[in-house]
Amino acid sequence: MPGSRRRGIHLSKLYSFSCLRSPFRDEHRQIGKKGYSRVVYCNDPENPVAVQLNYGGNYVSTTKYTAWNFIPKALFEQFRRVANMYFLVVACVSFSPLAPYSPISVLAPLMVVIGATMVKEAVEDWRRRKQDIEANNRKVEVFDSKRGSFTETRWKKLRVGDLVKVYKDQYFPADLLLLSSSYEDGVCYVETMNLDGETNLKLKHSLDVTAPLRDETSLQKLEAVIKCEDPNEDLYSFVGSLCYNGQELPLSLQQILLRDSKLRNTDYIYGVVVFTGHDTKVMQNATDPPSKRSKIERRMDKIVYILFSVLILVSVIGSFFFGVETKKDIRRGKLRRWYLRPDDTKVLYDPQGASLAAFLHFLTGLLLYGYLIPISLYVSIEIVKVLQSIFINQDQEMYDEETDRPAHARTSNLNEELGQVNTILSDKTGTLTCNSMEFVKCAIAGTAYGRGMTEVERALAMRKGVGDTSSDLLGSTGHSAESGKSIKGFNFRDERIMNGQWVNQPYSDFIQKFFRVLAICHTAIPDVDNESGEIMYEAESPDEAAFVIAARELGFEFFERKQTSISLHELDNESANKVDRYLCKFLIVDRSLRNQRLQLRGLGFHFRSYQLLQVLEFSSARKRMSVIVRNPENQLLLLCKGADSVMFERLSEKGRLFEAETRDHIKNYAEAGLRTLVVAYRVLSEQEYRQWEEEFIKAKTSVSEDQDALVDAAADKIERNLILLGATAVEDKLQKGVPECIDKLAKAGIKIWVLTGDKMETAINIGFACSLLRQEMKQIVITLDEPDIKALEKQGDKEAIDKASIQSVQEQIREGLDQVGSVKERSVSVALIIDGKSLAYALNKNLENSFLKLATKCASVICCRSSPKQKALVSFSSC
1 MPGSRRRGIH LSKLYSFSCL RSPFRDEHRQ IGKKGYSRVV YCNDPENPVA
51 VQLNYGGNYV STTKYTAWNF IPKALFEQFR RVANMYFLVV ACVSFSPLAP
101 YSPISVLAPL MVVIGATMVK EAVEDWRRRK QDIEANNRKV EVFDSKRGSF
151 TETRWKKLRV GDLVKVYKDQ YFPADLLLLS SSYEDGVCYV ETMNLDGETN
201 LKLKHSLDVT APLRDETSLQ KLEAVIKCED PNEDLYSFVG SLCYNGQELP
251 LSLQQILLRD SKLRNTDYIY GVVVFTGHDT KVMQNATDPP SKRSKIERRM
301 DKIVYILFSV LILVSVIGSF FFGVETKKDI RRGKLRRWYL RPDDTKVLYD
351 PQGASLAAFL HFLTGLLLYG YLIPISLYVS IEIVKVLQSI FINQDQEMYD
401 EETDRPAHAR TSNLNEELGQ VNTILSDKTG TLTCNSMEFV KCAIAGTAYG
451 RGMTEVERAL AMRKGVGDTS SDLLGSTGHS AESGKSIKGF NFRDERIMNG
501 QWVNQPYSDF IQKFFRVLAI CHTAIPDVDN ESGEIMYEAE SPDEAAFVIA
551 ARELGFEFFE RKQTSISLHE LDNESANKVD RYLCKFLIVD RSLRNQRLQL
601 RGLGFHFRSY QLLQVLEFSS ARKRMSVIVR NPENQLLLLC KGADSVMFER
651 LSEKGRLFEA ETRDHIKNYA EAGLRTLVVA YRVLSEQEYR QWEEEFIKAK
701 TSVSEDQDAL VDAAADKIER NLILLGATAV EDKLQKGVPE CIDKLAKAGI
751 KIWVLTGDKM ETAINIGFAC SLLRQEMKQI VITLDEPDIK ALEKQGDKEA
801 IDKASIQSVQ EQIREGLDQV GSVKERSVSV ALIIDGKSLA YALNKNLENS
851 FLKLATKCAS VICCRSSPKQ KALVSFSSC
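Position 778, counted from 1, in the sequence shown is what the working numbering calls 778; the numbers after and before it change by one each time, with no gaps.
Any given hint could turn out to be false.
To be verified - No more than 27 Å apart at the CA atoms, straight line, and that leaves these computed lysine-lysine pairs for DSS-like:
id: 1; residue 1: K700; residue 2: K778
id: 2; residue 1: K798; residue 2: K295
id: 3; residue 1: K790; residue 2: K733
id: 4; residue 1: K654; residue 2: K751
id: 5; residue 1: K202; residue 2: K778
id: 6; residue 1: K778; residue 2: K744
id: 7; residue 1: K857; residue 2: K845
id: 8; residue 1: K295; residue 2: K327
id: 9; residue 1: K139; residue 2: K202
id: 10; residue 1: K327; residue 2: K302
id: 11; residue 1: K794; residue 2: K654
id: 12; residue 1: K295; residue 2: K857
id: 13; residue 1: K346; residue 2: K120
id: 14; residue 1: K262; residue 2: K165
id: 15; residue 1: K853; residue 2: K295
id: 16; residue 1: K221; residue 2: K146
id: 17; residue 1: K139; residue 2: K165
id: 18; residue 1: K798; residue 2: K778
id: 19; residue 1: K513; residue 2: K654
id: 20; residue 1: K798; residue 2: K837
id: 21; residue 1: K168; residue 2: K262
id: 22; residue 1: K700; residue 2: K869
Stated by the list, open to error - Here are the simulated distance ranges between beta carbons:
id: 23; residue 1: P109; residue 2: S620; range: 27 to 33 Å
id: 24; residue 1: E793; residue 2: Q635; range: 34 to 40 Å
id: 25; residue 1: D712; residue 2: K562; range: 22 to 28 Å
id: 26; residue 1: R496; residue 2: E560; range: 27 to 33 Å
FYI, nobody ran anything at the bench for these hints, they're computed from the structure. The model shown is predicted, which means the values in this text are computed figures rather than measured ones. Yeah, the Cβ is synthetic: ideal placement off N, Cα and C, and Gly gets one too.
Assemble the whole structure, with the sequences as input and the hints as a guide.
What follows is the structure in C-alpha cells.
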C-alpha cells in the first residue's frame, strides 16, 4: 500500500516532530526498540504525525475487476481456454489467402462466445461491487472531539485513531482496540462466524484503566497512543502496548475487536480504530477473487488438446500426400495433371516448390478441418451454467426458514461441481449436533447423579436389541422436575440432590463445593429481568451457560459479577438442615418468591460474595480454566475445571480419593455421547499465592511475542496438587434429520469424514446414533492405547515412545489396508476410526500417503481426540 511504502521515511522523523503531544514524546522515542512500527493516536486522527504516516483509508474492494483492468484481464481469462486460443489463431490466419473461407465466419462465433462470457463475468463482478458499496456505506458513530459528541459517518470515511461507538448486533467497521463497554468491567461478547466459522461467542475485555471511559466527557479527555505490530494476517495474535496516563500497558488479542465480527449480548462498546480497510486482519487473509475453473472445463481443455492433435495429424497426412503428388505433376516435360496448370501456378501449388506448397496446404488444412474443435460446446455450457444459477436462486427446497435466507449462487462457474462431491469433511459440534448444551448428569465424590437416557444411549439400546426405553427418557428439552417449566440448558433429574436434598447425602460438603465451582469458575455475565426477577446468562460457550444454570437450579445462584467479585445466593448446608424440607424445595423452584425473601435469615439461603483475584482462561492448548478467589472466610481458593486428559495428572496424592470411580463414570458418560469435564479445587496459602502472583503479573505485562507462553507457564505452576470433586456431563443433541441425511449421502456413495475432539467411545456411539456407523460395517480402529505404549509413557523416554508409536501406527495401517482389500470383495462397507495420538503419527511424511490411501477406501472416517491443528492438516491432506 502507499502508506506502507512511505512509512520507513516518516518514522525516522517521528521522534523529533515538534507537534507531538508532550506527554508522549518519551514514549515515542522508544518506538522501534520493541519491534513496534505502527503508531495510533487515539481520538486524534488529524495529528500531524499521524497524517504524515499516511495510513490507508477504510474503503475495501473485493471485486475481481476494475474499470481499468476489466477488458485486458477478462480477455486473458477467456484466452486461457485452449479452444478460444485456437480460434483466435485461426481468425488471424483467415485474413490471409490461405483461408478457404471468409474471416467473418470465424470471427463472428468467437466474438459472440467471448463477448457473452465477458458480459456474464461483468454482471457477477457488479454484484460483488454492490456488496462492497453496501459495506462501505454502512453507518457508524464516530466521536467528534471538538464538539464532544458522537456523529454518524460511513464506514469508508473512518481513519486510524477514530473513536467509535458500536451497538449490539452491529458489525465492527475496522479492527478496534476495545476501550470500554456497557458492562462496568469492560467486557463484551463477540461473534466471529464471518472470520473463523465459529458460532460460539468470544469474550473480550478492555484494560482496567480504560474500562471507566463510558461517557462523552471522559472520552473527550482521552489522550493515548497505541504502538503495535504492522498489519498481518494472523487472526489469533496481537502484539502492542497502550501509552496512557504515563503508563505503558501491554495489549493482547483480548482487547482487539476484528472487522466483520459482530457485537453480541452487549449493549454497546467504545473502541479506537487501529487497522483500516485492507490493513485489517480479515482483509489481510482475503485473497484476490480466484479464476474458478470447474473440472468439466479443465477436462474439456484436455479433450480439445486431443482433438487438436487429431486435427494436426489429419492435416499432416493430407499435406504430405499433397506435396508428393504435386511434385509428380511435371515429370520429363509432361504435365501430369494438366487441368491444374502446373506450368503456370502460384506458390500455393508449385511443383517446383512442392515442400513449401505442402506446408501452406498444412495451414489450409488446419483452417478447413477446424470444425473438429467444438466452439459451440462452450456456448452451450455457458448458457446451461447461467440457467442453473437462476434455478438455484429460485429453488424453494433450498430456502431456510429459520434464517429467512434463500440459496444464492454468487458465481455460475462451478455449478457442476455441486453434483461431483466425493467426500464430506465435517466437525461434530454445531454441524452434526445443535451446539445447544444441556446439563444431564454428574459424578460427585464417586457417586453418579442424573436419571434418564441420552439420544446416543437410546440408539445404543436399539442397536443391542433392548426393548422399550421410553420409560426412563429425558424430555426433548430440559425442565424443572417440580414446576414443569422448561429451562434451556438444564435437563437434569435426580431426587437425591434436587430441591435441597443434597444436604442429606453422605458427601454433602463435596456436593456443595462441586456446585460452587460451577457457579464461580466461568466468565459468564448475568442478565436480570427487572420485572420477573429471572436471571439469564450471557456466556462464551453453551457449555459454560449450562454449568451456571445447573448450579442455580441446585441452589447456587450466580446473580452478580463485578470486576473484582462474584456474588451468589447459596443454599447453605448447615442452615438448610434447620429449615422445613418443603419450604426449601418451594424456594428453589419459585425463584421470584425466593428473590423477595433472600434477605431473611434462617431460610437456608445466604448471600455470599467471593473476591475475584485471577482468571486463568480456557484455551485449546490448556484444556482447562481456573479462577482464584477469596471466600467470605478469607480463604484463598483455586477452582478449576477441564478435560480429564489434563486434570487427573494435576491431582495431589490426597486429592485422588475418588479417582477410580470418577474415571469409570467419565467412561460411561463418554459411551453415552456426553461431553465431560473434571471439577477440582485446592486451598492456597497467602505466601504461595503472593509469590506466584508476582510471576503471573510479570508474564501478563510482558510485551514480548512469547507473552501467551509465559502466561500459560505461570498458570501451569499454580494449577497443581488439586483435590478431585467430580465430573460434569452435558449433552449436545443431534441436529434434526442428521441420521436420515447421512444415510442418504452414504447411499449416494459420498464418503463422510468427521473430525472431533471427543473421546473414542463418545465418537463411536455418536457415529452409530447419526448413522455414520452401521451394524453391517467393518470397523478398523487405529489407536495407541496399548500396554506397550503406556509402559513406555510411564518411563518417559520420548524417543522410544515415538519410535514404538510410529511402528505401531504403521503396522495398524498396513493391517487396515489388508482388511479393506478382503472385505471389499464381499461388498462390505468399511469405517476407519483413529485417535488423536495415532493421527499425529499417521500424518507424518512417511505414513501420510498410506494413511490417506486407507482413509479414501473407507466409507466413513472418524478422527477422535483431534486438535484444531490436526483437523486443518487432515483437511489439507485429503484435498
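Each hint, compared with the structure:
no.	hint	result
1	K700 with K778	51 Å, violated
2	K798 with K295	46 Å, violated
3	K790 with K733	34 Å, violated
4	K654 with K751	49 Å, violated
5	K202 with K778	41 Å, violated
6	K778 with K744	19 Å, holds
7	K857 with K845	20 Å, holds
8	K295 with K327	48 Å, violated
9	K139 with K202	24 Å, holds
10	K327 with K302	37 Å, violated
11	K794 with K654	21 Å, holds
12	K295 with K857	22 Å, holds
13	K346 with K120	47 Å, violated
14	K262 with K165	13 Å, holds
15	K853 with K295	22 Å, holds
16	K221 with K146	11 Å, holds
17	K139 with K165	11 Å, holds
18	K798 with K778	34 Å, violated
19	K513 with K654	16 Å, holds
20	K798 with K837	14 Å, holds
21	K168 with K262	8 Å, holds
22	K700 with K869	25 Å, holds
23	P109 with S620: 27 to 33 Å	57 Å, violated
24	E793 with Q635: 34 to 40 Å	36 Å, holds
25	D712 with K562: 22 to 28 Å	26 Å, holds
26	R496 with E560: 27 to 33 Å	30 Å, holds
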